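For the sequence shown, our numbering gives the first residue as 8, with consecutive numbering after it.
These are calculated hints, taken from the structure and not from any lab test.
Model, not experiment: these values are computed from the prediction.
Take every hint as true, because none was put in to throw you off.
Calculated cross-link-like contacts (lysine to any residue; reagent style SDA-like; alpha-carbon spacing at most 25 angstroms):
{"id": "1", "residue 1": "K180", "residue 2": "E148"}
{"id": "2", "residue 1": "K180", "residue 2": "S199"}
{"id": "3", "residue 1": "K180", "residue 2": "R212"}
{"id": "4", "residue 1": "K19", "residue 2": "R69"}
{"id": "5", "residue 1": "K111", "residue 2": "N166"}
{"id": "6", "residue 1": "K111", "residue 2": "S76"}
{"id": "7", "residue 1": "K180", "residue 2": "I41"}
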Amino acid sequence: HRSDDGGRTWRKLDAPGLAEFSEINRGPTRVTQIVFNGATVWATVEIGGILRSDDGGEHWQRADNGLVSADVHGIAVAEDRVLATTNRGLHVSEDNGATWHFQKLDSPWQYTRAVVPSADGSRIFLCNGDGPPGSTGRLLESRDGGLTWQPCELPGRLNSTPWCVAAGAADPKLVFMCTNLGQLYRSDDGGSHWQRLRHEFGEVRALHWRALPADLPRGEFTITRRTVPA
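Start from the sequences, fold in the hints, and give me the full structure.
In C-alpha coordinates form, the structure reads like this:
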(Lines of atoms letter the chains of each structure in order from A; the text may use other names.)
(Lines give C-alpha, C1' and ligand atoms only; values in the text may rest on other atoms or scores of the structure.)
Protein backbone atom coordinates (compact mmCIF):
# COMPACT_ATOMS: atom_id res chain seq x y z
CA HIS A 8 0.00 0.00 0.00
CA ARG A 9 1.04 3.63 -0.56
CA SER A 10 0.00 6.90 1.05
CA ASP A 11 0.55 10.34 -0.49
CA ASP A 12 -1.02 12.31 2.35
CA GLY A 13 1.04 11.41 5.39
CA GLY A 14 -0.80 8.18 6.13
CA ARG A 15 -4.38 9.50 6.24
CA THR A 16 -5.42 7.38 3.26
CA TRP A 17 -3.84 4.41 1.53
CA ARG A 18 -4.16 2.72 -1.84
CA LYS A 19 -3.10 -0.76 -2.78
CA LEU A 20 -0.28 -1.16 -5.31
CA ASP A 21 0.16 -3.92 -7.84
CA ALA A 22 3.32 -5.86 -7.01
CA PRO A 23 4.40 -9.07 -8.77
CA GLY A 24 4.93 -12.16 -6.67
CA LEU A 25 2.87 -11.28 -3.60
CA ALA A 26 0.41 -14.01 -2.68
CA GLU A 27 -2.74 -13.97 -0.56
CA PHE A 28 -1.78 -17.37 0.87
CA SER A 29 1.57 -19.03 1.55
CA GLU A 30 1.91 -22.65 2.66
CA ILE A 31 4.76 -21.65 4.96
CA ASN A 32 3.18 -18.54 6.48
CA ARG A 33 -0.33 -20.04 6.39
CA GLY A 34 -1.46 -16.62 5.21
CA PRO A 35 -0.34 -13.74 2.99
CA THR A 36 3.33 -13.39 2.11
CA ARG A 37 4.96 -10.81 4.38
CA VAL A 38 6.81 -7.68 3.32
CA THR A 39 9.70 -7.75 5.80
CA GLN A 40 11.45 -4.48 4.94
CA ILE A 41 11.16 -1.39 2.74
CA VAL A 42 14.30 0.67 2.02
CA PHE A 43 14.44 4.00 0.18
CA ASN A 44 17.52 5.01 -1.81
CA GLY A 45 16.68 8.14 -3.77
CA ALA A 46 13.94 7.32 -6.27
CA THR A 47 14.68 3.60 -5.91
CA VAL A 48 12.65 1.65 -3.38
CA TRP A 49 13.45 -1.90 -2.30
CA ALA A 50 11.00 -4.31 -0.68
CA THR A 51 11.90 -7.72 0.70
CA VAL A 52 9.27 -10.42 0.98
CA GLU A 53 9.38 -13.44 3.27
CA ILE A 54 8.74 -16.36 0.92
CA GLY A 55 8.49 -13.91 -1.99
CA GLY A 56 11.92 -12.61 -3.04
CA ILE A 57 12.86 -8.98 -3.70
CA LEU A 58 10.92 -6.21 -5.43
CA ARG A 59 12.36 -2.95 -6.78
CA SER A 60 10.71 0.29 -7.83
CA ASP A 61 12.55 2.98 -9.79
CA ASP A 62 9.81 5.61 -9.57
CA GLY A 63 9.33 6.08 -5.85
CA GLY A 64 7.13 3.03 -5.33
CA GLU A 65 4.48 3.55 -8.01
CA HIS A 66 5.49 0.55 -10.14
CA TRP A 67 7.35 -2.58 -9.09
CA GLN A 68 9.40 -5.33 -10.70
CA ARG A 69 10.98 -8.49 -9.38
CA ALA A 70 14.71 -8.26 -8.66
CA ASP A 71 15.71 -11.67 -7.33
CA ASN A 72 17.67 -13.33 -10.13
CA GLY A 73 20.37 -15.48 -8.52
CA LEU A 74 18.99 -15.68 -5.00
CA VAL A 75 19.54 -19.09 -3.44
CA SER A 76 16.28 -18.66 -1.51
CA ALA A 77 13.19 -16.49 -1.95
CA ASP A 78 12.77 -16.32 1.84
CA VAL A 79 14.20 -12.80 2.11
CA HIS A 80 14.45 -11.07 5.48
CA GLY A 81 16.26 -7.77 4.95
CA ILE A 82 18.10 -5.48 2.54
CA ALA A 83 20.64 -2.64 2.74
CA VAL A 84 22.30 -0.36 0.19
CA ALA A 85 26.04 0.19 0.67
CA GLU A 86 27.34 2.61 -1.99
CA ASP A 87 27.44 0.55 -5.22
CA ARG A 88 26.48 -2.76 -3.56
CA VAL A 89 23.14 -4.05 -2.31
CA LEU A 90 23.03 -6.67 0.46
CA ALA A 91 20.12 -9.02 1.08
CA THR A 92 19.59 -11.57 3.84
CA THR A 93 17.77 -14.89 3.53
CA ASN A 94 17.19 -18.06 5.51
CA ARG A 95 20.09 -19.61 3.58
CA GLY A 96 22.56 -16.78 3.78
CA LEU A 97 23.79 -13.37 2.67
CA HIS A 98 23.49 -12.28 -0.97
CA VAL A 99 25.15 -9.37 -2.77
CA SER A 100 24.25 -7.49 -5.95
CA GLU A 101 26.69 -5.20 -7.75
CA ASP A 102 24.31 -4.27 -10.59
CA ASN A 103 21.41 -2.70 -8.69
CA GLY A 104 19.57 -5.96 -8.16
CA ALA A 105 19.72 -7.32 -11.71
CA THR A 106 21.68 -10.34 -10.44
CA TRP A 107 22.70 -11.66 -7.04
CA HIS A 108 25.43 -13.93 -5.76
CA PHE A 109 25.72 -15.83 -2.50
CA GLN A 110 28.39 -14.58 -0.08
CA LYS A 111 29.37 -17.28 2.38
CA LEU A 112 30.01 -16.07 5.90
CA ASP A 113 32.91 -17.21 8.05
CA SER A 114 30.43 -18.43 10.63
CA PRO A 115 29.05 -21.75 11.92
CA TRP A 116 25.68 -20.70 10.45
CA GLN A 117 24.51 -19.04 7.24
CA TYR A 118 21.02 -18.02 8.45
CA THR A 119 20.73 -14.21 8.35
CA ARG A 120 18.06 -11.73 9.46
CA ALA A 121 18.48 -7.94 9.65
CA VAL A 122 21.21 -6.09 7.76
CA VAL A 123 21.38 -2.45 8.89
CA PRO A 124 23.86 0.35 8.09
CA SER A 125 24.94 2.55 10.97
CA ALA A 126 23.50 6.05 10.95
CA ASP A 127 26.83 7.59 9.92
CA GLY A 128 27.48 4.94 7.24
CA SER A 129 30.74 3.74 8.78
CA ARG A 130 29.53 0.20 9.50
CA ILE A 131 26.95 -2.35 8.50
CA PHE A 132 25.47 -4.68 11.11
CA LEU A 133 24.34 -8.20 10.19
CA CYS A 134 22.24 -10.54 12.35
CA ASN A 135 23.41 -14.15 12.02
CA GLY A 136 22.36 -17.27 13.91
CA ASP A 137 21.34 -20.91 13.88
CA GLY A 138 17.77 -20.41 12.70
CA PRO A 139 14.38 -19.14 13.78
CA PRO A 140 14.15 -18.59 16.66
CA GLY A 141 17.46 -20.40 17.09
CA SER A 142 19.42 -20.99 20.27
CA THR A 143 22.45 -18.78 19.67
CA GLY A 144 24.09 -16.57 17.08
CA ARG A 145 26.35 -13.63 16.32
CA LEU A 146 26.07 -9.96 15.54
CA LEU A 147 28.51 -9.27 12.70
CA GLU A 148 29.81 -5.92 11.49
CA SER A 149 31.50 -4.75 8.30
CA ARG A 150 33.54 -1.59 7.86
CA ASP A 151 34.20 -2.05 4.15
CA GLY A 152 30.72 -2.04 2.66
CA GLY A 153 30.02 -5.72 3.30
CA LEU A 154 33.16 -7.17 1.72
CA THR A 155 34.35 -8.67 5.02
CA TRP A 156 32.64 -9.33 8.34
CA GLN A 157 33.80 -9.56 11.95
CA PRO A 158 31.82 -10.63 15.04
CA CYS A 159 30.91 -7.97 17.60
CA GLU A 160 31.87 -8.80 21.17
CA LEU A 161 28.61 -9.23 23.08
CA PRO A 162 28.57 -9.96 26.83
CA GLY A 163 26.99 -13.21 27.95
CA ARG A 164 25.42 -15.93 25.86
CA LEU A 165 22.73 -15.20 23.30
CA ASN A 166 19.47 -17.08 23.89
CA SER A 167 18.48 -17.10 20.19
CA THR A 168 19.35 -15.64 16.81
CA PRO A 169 20.02 -11.87 16.72
CA TRP A 170 16.94 -10.47 14.99
CA CYS A 171 16.89 -6.67 14.80
CA VAL A 172 19.25 -3.70 14.89
CA ALA A 173 18.06 -0.13 15.48
CA ALA A 174 20.24 2.86 14.58
CA GLY A 175 19.19 6.50 14.29
CA ALA A 176 20.53 9.71 12.78
CA ALA A 177 19.62 11.71 15.90
CA ASP A 178 22.50 9.97 17.70
CA PRO A 179 24.69 7.86 15.38
CA LYS A 180 26.56 6.39 18.35
CA LEU A 181 23.43 4.91 19.95
CA VAL A 182 22.60 1.44 18.59
CA PHE A 183 20.29 -1.27 19.92
CA MET A 184 20.16 -4.96 19.03
CA CYS A 185 17.70 -7.63 20.13
CA THR A 186 17.51 -11.38 19.79
CA ASN A 187 14.41 -13.17 18.58
CA LEU A 188 13.60 -14.33 22.11
CA GLY A 189 13.90 -10.95 23.74
CA GLN A 190 17.43 -10.17 24.89
CA LEU A 191 18.27 -6.49 24.39
CA TYR A 192 21.74 -5.02 23.87
CA ARG A 193 22.89 -1.41 23.69
CA SER A 194 25.97 0.36 22.34
CA ASP A 195 26.81 3.99 23.09
CA ASP A 196 29.84 4.20 20.80
CA GLY A 197 28.46 3.17 17.43
CA GLY A 198 28.89 -0.57 17.93
CA SER A 199 32.45 -0.90 19.28
CA HIS A 200 31.28 -1.93 22.75
CA TRP A 201 27.99 -3.47 23.87
CA GLN A 202 26.13 -3.97 27.13
CA ARG A 203 23.25 -6.31 27.79
CA LEU A 204 20.22 -4.59 29.29
CA ARG A 205 18.50 -6.16 32.28
CA HIS A 206 14.99 -6.06 30.87
CA GLU A 207 14.03 -8.87 28.49
CA PHE A 208 10.97 -9.42 26.32
CA GLY A 209 9.15 -12.32 24.71
CA GLU A 210 9.42 -13.00 20.99
CA VAL A 211 10.63 -9.80 19.27
CA ARG A 212 10.01 -9.07 15.58
CA ALA A 213 10.91 -5.38 15.19
CA LEU A 214 12.96 -2.74 16.98
CA HIS A 215 13.15 1.04 16.54
CA TRP A 216 14.35 4.03 18.51
CA ARG A 217 13.74 7.73 17.99
CA ALA A 218 14.73 10.95 19.72
CA LEU A 219 12.17 12.74 21.88
CA PRO A 220 11.77 16.50 22.41
CA ALA A 221 14.15 17.94 24.99
CA ASP A 222 11.38 18.49 27.56
CA LEU A 223 10.42 14.80 27.59
CA PRO A 224 12.30 11.92 29.26
CA ARG A 225 15.27 10.85 27.15
CA GLY A 226 15.32 7.62 25.22
CA GLU A 227 12.37 5.90 23.65
CA PHE A 228 12.47 2.69 21.71
CA THR A 229 9.70 0.60 20.29
CA ILE A 230 9.60 -3.17 20.28
CA THR A 231 7.12 -5.29 18.38
CA ARG A 232 6.56 -8.80 19.56
CA ARG A 233 4.30 -11.62 18.48
CA THR A 234 1.54 -12.37 20.95
CA VAL A 235 -0.05 -15.37 19.28
CA PRO A 236 1.52 -18.73 18.37
CA ALA A 237 3.13 -19.00 14.94
